[in-house]
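Asker: For reference, the chains in residue letters:
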Amino acid sequence: MTVRIQSDPFDFGAEANGFALNNNDAGAIVTFTGIVRNLPSGDLAEMQIEHYPGMTERALHQIEDEARQRWSLKDCLIIHRHGSLKPGDMIMMVATASPHRADAFEAAEFLMDYLKSRAPFWKKEITAAGEDWVASKDSDEAALARWSTKS
Amino acid sequence: MIDVLYFAWVRERIGLPKERIDTQAATVAELVEELKAREDRYAAAFADLSALRVAVDQDLTDFDAPLAQAREVAFFPPMTGG
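Sequence lines, in order, name chains H and Y.
Heads up: the first sequence begins at 2 in the working numbering, then just goes up one per residue.
Heads up: the second sequence begins at 138 in the working numbering, then just goes up one per residue.
Where hints are given, some of them may not hold.
Claimed, not checked - Okay, the calculated bits of chain H under chain Y, using three or more residues with CB under 8 Å as the criterion:
1. 55-69
2. 98-104
3. 114-125
No lab work stands behind these hints: they were computed from the structure.
Quick caveat: nothing in here was measured; it's all calculated off a predicted structure.
We treat Cβ as the ideally placed atom computed from N, Cα and C, and that holds for glycine.
Using the sequences and the hints, build the whole thing.
Answerer: Put into structure tokens, the structure is as follows:
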């Protein structure tokens, strides 16, 4: 169970391979990667990601703990970057390892849904015209709500 | 004394990331009222509490949360990670 918050890029392939090797008794590994999305106009120059050091790690560990209570997980990995990123850069990844693929898929979705609106990160988009903080979406809250209706 | 932290546009609007405040506020809401009374930039940042989230000692909570024993309070907009 690993949480890493870093400004440096990460090597997704190496991380995924290492995670699989460390969990050779799991059978199912699911990974998700989030990348910086350009604007429809193609004008995004930079995305800045701010976070709350200390609370970020704490929130992510709590989210991981919750996932481990709900599903049969052998291991989880969460990497999230902060600082200045460009379109196409990888922002974050999660990986889950389980004996069963359904658990690995669901836990990965759960981690993503919680991470999006409960971990203290904020995105700002920079274009030639100026800069804007990215607004949270109602759909992100809706995605969270589906986990609380399940027992 | 309590450390008060601001993030994202709240930090930009108030103009600093962190300050130490001497307060007798019993709840987050009381602290917000004290801050709003200070200067216009605070009043502007806290004008619409529905646009803000608060954490006390690095746990998300709400504006009626008590501040007894709290060391750190943070104000920020809804989070946009992932």
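Asker: Compare the structure with each hint and give your call.
Answerer: Quick rundown of the hints versus the structure:
1. Here's how the region 55-69 of chain H fares: 4 of its residues keep a CB closer than 8 Å to some CB of chain Y, so the rule of at least three is met and the hint holds.
2. Using a Cβ-Cβ cut-off of 8 Å, 0 residues of the region 98-104 of chain H lie near chain Y, which falls short of the minimum of three, so the contact claim is violated.
3. Under a criterion of three residues with beta carbons nearer than 8 Å to beta carbons of chain Y, the stated coverage of the region 114-125 of chain H is upheld, 10 such residues being counted.
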